[in-house]
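Chains as they are written, first to last, in the numbering used here: chain A, 1 to 818; chain B, 1001 to 1215.
No lab work stands behind these hints, which were simulated from the structure alone.
The structure displayed is predicted, hence computed values, not measured ones.
Watch out, some of these pointers could steer you wrong.
[Stated by the list, open to error] Result set (BS3-like, lysine-lysine): computed pairs, CA atoms no more than 25 Å apart in a straight line:
#1 K1162(B) / K644(A)
#2 K1175(B) / K803(A)
#3 K810(A) / K1196(B)
#4 K1207(B) / K810(A)
#5 K644(A) / K118(A)
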Amino acid sequence: MTDGHRTIEQWFEDRDWRPFRWQRTVWKHCLENKKGLLNAPTGSGKTFALFMPLLINWINQNPESYQQKENNGLQLLWITPLRALAKDLELHMQDVVDDLDIPWQIQRRTGDVSSSVKQKQKRRMPEVLITTPESLHILLAQKGYPNRFKTLRSVVVDEWHELIGSKRGIQTELGISRLKGMNPDLTIWGVSATIGNLEEAADVLHGVHPNAERPIIVKAKQSKKIHVHSVLPDEIETFPWSGHLGTKLIPKVLPILDKSGSTLIFTNTRAQSEIWFQRLLEANPDLAGTMALHHGSLDRNVRDWVEESLHSGIIKIVVCTSSLDLGVDFSPVDTVIQIGSPKGVARFVQRAGRSGHQPGADSTIWFVPTHALELIEAAALKDAVEDNLMENRDPILKPFDVLIQYLITLAVSEGFKPDLLFDELKHTFAYQTLQPDEWNWILNFIQNGGESLTRYDEYNKVEVDEDGLWRVFDRKIARRHRMSIGTIASDSMLRVKYLKGSNLGRVEEWFISQLNTGDTFWFAGRNLELVKIKDMTVYVRRAKGASSKVPSYMGGRMSLSSNMSERLRLKLREANEGRTDSIDLETIKPILDIQRTRSILPDEKQFLIEKSWSNEGCHCFFFPFEGRYVHEGLSALIAYRISKITPITFSIAMNDYGFELLSDRDIPISEALEKNIFSEENLIHDIMGSVNDAELARRRFRGISQIAGLVFAGFPGNQKKGKHLQMSSGLFFDVFMEYEPGHLLIQQAYDEVLSTQLDEARLRVALQRIQNQSVIIKEIDRFSPFAFPIFVDRLRERLSSEKLTDRIEKMQRQLEAS
Amino acid sequence: MTITILNHTFQLMPERAIHWLDESTLIVSDLHLGKSGHFRKSGIPAPHQINQTNICRLNSLVNQVQPDRLLILGDLFHSDVNREWFQFEEWRNSHNQLNVTLITGNHDTLHSSFYNAANLDIYQQHKEENFLFIHHQPEEAEPEAGFIFSGHIHPGVKLRSKGRQSLRLPCFYQKKQQLILPAFGEFTGLYMLSEKEAEYIYPIAEKKIFYLSHA
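With the hints as extra help, turn the sequences into a complete structure.
Structure below.
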C-alpha cells in the first residue's frame, strides 16, 4: 500500500467509514491512468471515487511536501450539467483537503460566480475547478487559455446521462477534444446514472481512438427498492378527461404530506409548479412557511435559499420542476410525489431516488395522474420500474451549429489552424464523419459569410493572420460571441425585481407584453403587481388578493419515451381483455366503458379512427399510441397524403395517445384509406413533402440560428444597442431557403426534424404495425374519452394544400357571413 | 385596388406601395436598405442578396408606375453607413429625373451629406393638400386636421377561419384619419395589429390585395 492510499484509507477510518469495493476499483483504474465511465446514482459516493485517486497520486508524488506546496496549477476539471451541483461538490472536496491539510483550492467557475473571482482565476487557477460545459467554452474563449490548462491531469464529467442526448453533450465532447489536443495523457472519467446505452455513452465521451483500449465501465452496487403508489380519485366518473394540472387531487395529496417528513413534489412545467404551490397554500394555509417553490426561472439566490432550508430542515415541502432532478444530496427527503406523467422511466426512477438516501432505505414515490387516461400510464410505469426498463439517451451527430460556435470561440482567444483542428474533431464521436467538403464550407462560412461576394460586401468575422491562425480581431464581435456561448435556446427573458431591490427571477418577454401596468400576476409563489418595465427589468410590488395569471412558458412538450409507449399499449390490451390485477386499470374501467359505448376500445388487431363534426368543422382522430414525437411525424405525413387527394387545409393536434386532423370541410377519410395512406411506399418522398408543408424545419431552425450566432439576444440591460442587429430566425430561414438552399445550417434543420420528429425508422415500424391491423372508422356524435384531450389542445400545427388566395377568399366570405 | 380619400385617388399596390394618381407620386415606407450589410459588417452572415432584391423591387416598381416623385415614409436605410448605401446611390443616379423625398424615420441616422449626395429632399414630416406624411404618428398626438399617411409599424394582420385556421399577412391598415403602410423591404418582419381598431384592412397575399371592412 502506498503512502497516498494509507492517508486516504485513514481519512475514511477517522470517520468510521469504509470505501466501497467499487470505489477502490475506480481508484485503481484512475491510478493506472485508465479512462472509463462510472455508473452510479446520486448520493452514492461517486465524488470520493473520482476525487481520491488524484489525492493519492499527489501524496505519492510529493510525500514530504504535499502539505506545503501551494499554487500548483489546475489538477482536476470537474464538469457538471447543473450549477446547483457545483456548490455542493465544492464544499465536499474542500472538506477533504482541509482535513488532510493539503493547501489546495477548490473553486467553481459557473455563470453565477462573481466576476472578481473569475478575474482571480484568470491569473491563478485553483487546483480543482468545477464548471459547466458552457463555462468550459467561455474559458476556451479567453486569451492565454493553454497556460491555464498546462498542469491539468484529470477531467471528470458528472451526470453524463443528462448531457449526452443534447447539444450540451456536444459542447462537452468538443471541450474535451481541445483539452486532449493540448495534453493527450489526460485521465478522463464520466459518471452516469443507469441508461439503456451505457457502453455507447462511454464511447461518446471518450471519442474515436481506434488503437486505444476500450473505456472501462465500473458499476456501483445499488440495490435500492422503489415503491410506486398511485393517488387515485374517489370517483373516476367526475375525474377530468383532459388537462395537465392535476389540482383536483389536492385533497388526496394533503394527507400524504401530513404523514410524510420532508417531501419533494415534482411537476413537469414551471407554470404547473407555481399553480400547485398556490393551490396547496389555499387548501392548507398552515403550509405557509414550511413549503417553498423551486424552478429554473427563479433567481439563483432564491433557489439557494430553498436548497439550504431544505437541508437544514426549515422547509419541509418543496414544489419543484426538473430543476431538482439532479444532484444535491437531500438526505432529509423521505417522500417524492410526481404530478402528471414523467414521460420516461429513467426520469421517474431518478426522481424516486431522491427519497430514502440512508443506506438500505427504500425509495417511495407517489404518482398523481392529471387526467383519467394517465391511470393507464401509472400501470405502465409500475411495470417498467419493476423491470428496470431504462431508456437510451441517443447522442446527437454532427450538428454544424455547435461546431460553428466552437470555431468562433477558439478564434476569439488563441486562434486555430484548420488542419490541426480538423484532426482533433475527427477523433470526437460527434464529428467523426465530418467530410472535407463540409469542413471547407464551414470555414468559408465563418470567413466570408457564405456564398458569392459582391463589391458592396464588408463581411467581417474570422480572418487568417500571417502565421496561418484563424482569428477574430474585431473586439465587438468577440465580446458579442463571448456573451452568447451556449446551446440552450431561450426566449427573450425579463428580470423580475421588487421596487425595493431584491431579485425574484425571470419571465418570458411575451408573457409580460400581455400585461398592463397595475395588472397582477403570480410568480415565485407570490402575487405581484406590475409597476413598471425599464431596461429589461419588470419592477413589481406585492399585491393583495388572488390572481389567476401565471406565466406559462413556451417550450417543447415532452413525448412519452418509446419504452413507455410500448408498455402503454400492453396495459391497454390487458385492460381490454379484462385480465388485470392492477388497481389503476381497475379504477379507469368506467372511462374505458364510456369509450366502448361512444366508439370502440381497439384491441391489438384494430386501428381506430374516429370521425365527428362540430361547429369548427370535421375532426378525424387517429390512435396509434406511439408517443408525441412519432405522432408529430405521422400526423404530418397523413395530413400531407390526404392533402394530395384534394386541396384542403388542416390544423393538427396531438398527444401521446393519438392525433387529430381538423378541417373546415369534410375530410375524405374513406377515399384516403383506399389510396392506402398508411403505406410505406414513397415514404421518404412524402416525409420530405410534409416537413416542408408543415414548416417543421423552419421551427427547428430557431435553436440552430441562436447557437450558430445568427440571432443575437442582445446585451443584458443594454437592449437598445443590439436592436439593429436583430432579425428573427424565421426570416433567416426564409432568406437562406431563397438564396442559399444548400446552406448547411438549413440542411441541419431538416436533419434534426428527420432524426427526431420524423425518424424514418420509427415511422416505418409504426406504419408496419398499423398495416397489420384492420382500420376501423367510427363516426361518433360525442367526443370519446380518447379523443377529448386531443380536441381541447390549443397548440396546433398546420398543413395546407389550398391556394393561399383561395383560403383568404374563404376567410373573407366567412367573416362577411358572420 | 383603388380607394378614395378626401377626393383624391390612391391605388394600393400588392408590391406594398401606394400610387397617388392625382400627384403622380409613388409612396413607400420602411425599405430598410443596408440591413444585410449592417449585419455582415458585424459578423452576422445575413445573405447580401437581401439588399439587392429590395433595390430590384423598387426599380421595377418605379419603371412600371413611372411616377414624377417617390415619397418614402422613413427607414430608408437600416442603420450606420455601410457599402450597400452605394448600391442605392447607383440606382438613384440612374433615375435622376425622379424626385425623391424622404420623411426621416428612427432608422435614418446617416449624416446629411449622404442624403444630399443622393439628391434626396429631407423632411421630418410633410404636409400637402389635406394630407400629412410622417414616419410614425404617436398615439397621444393631437389628431390634426387632415389625413395621415405613415409607416414605422410594419403592420400585419391575423386572419382566422373555421377549423382553427389562421394566416398572418402584411397589410395596409386604415383607421380613422390614418393609413399605415406595410414595410416595403423584404425580411423586415410583421407587427400584428388588432382588427378591432381598424376601419379597413387590406391584407396582401401573392400579388393580390384583399379587403376586410369592419363596420
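Hints, verified against the model:
1. K1162(B) / K644(A): Measuring from Cα to Cα gives roughly 21 Å; hence the hint holds.
2. K1175(B) / K803(A): This hinted pair is violated, its Cα atoms lying about 29 Å apart.
3. K810(A) / K1196(B): holds, 20 Å
4. K1207(B) / K810(A): holds, 17 Å
5. K644(A) / K118(A): violated, 59 Å
Going through the hint list in order, the structure does not satisfy hints 2, 5.
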